[in-house]
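Generate the whole structure from the sequences, applying the supplied hints.
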Amino acid sequence: MLGWVVAILAAVVVFGGGFLVARSIYFLGTDNQGDVALYRGLPYQLPFGISLYSKQYSIPVQEGTLSEERQKAVTGHTWRGKGDAAGLVDDIKLRPTEGLPPPPAPPPTKKKSGANSKGQQAKKS
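Quick note: the sequence shown uses the working numbering, first residue 1140, plus one each step.
If you're looking for bench data, these hints aren't it; they were derived computationally from the structure. It is possible that some hints are incorrect.
What the hints assert, rightly or not - EDC-like cross-link-like pairs, simulated, lysine to aspartate or glutamate; straight-line CA separation at most 16 angstroms: (1) LYS1211 to GLU1237; (2) LYS1232 to ASP1174; (3) LYS1194 to ASP1170; (4) LYS1232 to GLU1208; (5) LYS1211 to ASP1174; (6) LYS1211 to ASP1230; (7) LYS1232 to GLU1202; (8) LYS1194 to ASP1174.
Unchecked claim - For each label pair, taking beta carbons as the anchor points, the in silico distance ranges come out as: (9) MET1140 to THR1214: 42 to 52 angstroms; (10) GLU1207 to GLN1184: 22 to 32 angstroms; (11) ASN1171 to GLY1226: 44 to 54 angstroms; (12) GLU1207 to GLN1172: 14 to 24 angstroms; (13) LEU1185 to LYS1249: 46 to 56 angstroms; (14) THR1236 to GLY1215: 12 to 22 angstroms; (15) ALA1146 to GLY1203: 41 to 51 angstroms; (16) PRO1246 to GLY1142: 14 to 24 angstroms.
Positions of the beta carbon are idealized from the N, C-alpha and C atoms, including for glycine.
What follows is the structure in structure tokens.
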């Protein structure tokens, strides 16, 4: 009896955790009219028409009018955070025919100082 209870509790924890993780994933796609849309959940459909995602909203921009780079971003179903996905949809709405915004620049790295740094020469005895 205790084994069944533990197994049921473990299943609830695993499926509940999976559900919570899936609810924090967003991706871009197109709706039935071909407009760019923001979806929440996993970009998969189970048998019997069970979707693991729901449409949050769409914008009046057709996927076919986008640059090739943006079309790949919309149709690739890349998993994103809410802010990243919504920001990309907003950027597509404002600049539909341009490319994707450049990624943020990496933080500057510190140069190590040493005796043989550029501009300095090692002394020979």
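To see whether the hints hold, each was checked on the structure:
no.	hint	in the structure
1	LYS1211 to GLU1237	13 angstroms, holds
2	LYS1232 to ASP1174	11 angstroms, holds
3	LYS1194 to ASP1170	8 angstroms, holds
4	LYS1232 to GLU1208	15 angstroms, holds
5	LYS1211 to ASP1174	14 angstroms, holds
6	LYS1211 to ASP1230	15 angstroms, holds
7	LYS1232 to GLU1202	11 angstroms, holds
8	LYS1194 to ASP1174	12 angstroms, holds
9	MET1140 to THR1214: 42 to 52 angstroms	51 angstroms, holds
10	GLU1207 to GLN1184: 22 to 32 angstroms	26 angstroms, holds
11	ASN1171 to GLY1226: 44 to 54 angstroms	24 angstroms, violated
12	GLU1207 to GLN1172: 14 to 24 angstroms	21 angstroms, holds
13	LEU1185 to LYS1249: 46 to 56 angstroms	50 angstroms, holds
14	THR1236 to GLY1215: 12 to 22 angstroms	19 angstroms, holds
15	ALA1146 to GLY1203: 41 to 51 angstroms	50 angstroms, holds
16	PRO1246 to GLY1142: 14 to 24 angstroms	52 angstroms, violated
When held up to the earlier numbered hints, the structure conflicts with 11 and 16 and fits the remainder.
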